[in-house]
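Peer 1: Quick note on the numbering used here: the sequence shown kicks off at -10 and runs consecutively.
Hint data in this document are derived by calculation from the structure and do not stem from the laboratory.
Heads up, some of the hints might be wrong.
Here are the computed lysine to aspartate or glutamate pairs in the EDC-like style, where the Cα-Cα straight-line distance is at most 20 Å [as the list claims (entries may be wrong)]: (1) Lys128 to Glu117; (2) Lys19 to Glu117; (3) Lys(-6) to Asp127; (4) Lys128 to Asp38; (5) Lys(-6) to Asp38; (6) Lys53 to Asp38.
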Amino acid sequence: MPNGKTHNIITFVVAPVITGVCYFISKDIKTTLFLMSAYFFASFMFNGDLDTNSAPYNRWWVFKMIWIPYQLMFNHRSIFTHGFIIGTIIRIIYIGIIPFVIFYFCADINILKNINMSLLLLLFVGLESGAMVHIISDKLF
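Make the full structure from the sequences, and use the hints.
Peer 2: What follows is the structure, given as structure tokens:
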């Protein structure tokens, strides 16, 4: 398993490939930048290592306490933290509970009707790309 520094290097080495593929498919710089922002966020702040006292966990600074229940719920490198697609979905659901509760009790729920599904899909692809690079590097090294 690579250490945190090696994961960071792998993230930067793979980034031009993902950028190129995204731009080739979309032909749009804004789409590419959005996806790459999600990729880097996933790589450095939102990957499967949030279930341990890791660099991604500590990057949340004072907000890292929100990940303590997540750490208690899941074993490190389980399918729920390091599983393709399912790990990202679980982290999105986990972190999404907070804004959902706020919207439910404090905001107009109709605002959810205006969500751009294409952007949500693009966000998910970026988050999953970052997670996949992390998981694959864990399995290869």
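Peer 1: Could you grab the alpha-carbon distance between Lys128 and Glu117 and see if it respects the 20 Å cut-off?
Peer 2: Satisfied, since the Cα-Cα distance of roughly 16 Å is no more than 20 Å.
Peer 1: Is Lys53 close enough to Asp38, meaning Cα to Cα at most 20 Å?
Peer 2: Roughly 12 Å between the alpha carbons, so the hint for Lys53 and Asp38 holds.
Peer 1: Could you grab the alpha-carbon distance between Lys(-6) and Asp38 and see if it respects the 20 Å cut-off?
Peer 2: holds, 13 Å
Peer 1: Given the proposed pairing of Lys128 with Asp38, does the C-alpha separation stay at or below 20 Å?
Peer 2: OK: Lys128 and Asp38 at ~14 Å, within 20 Å.
Peer 1: Sort out whether Glu117 lies within 20 Å of Lys19, counting only the CA atoms.
Peer 2: It holds: about 19 Å lies between the C-alpha atoms, which stays within 20 Å.
Peer 1: Are the Cα atoms of Lys(-6) and Asp127 separated by 20 Å or less?
Peer 2: Status holds; Cα separation ~13 Å.
Violation of the numbered hints given earlier is absent; every hint is satisfied by the structure.
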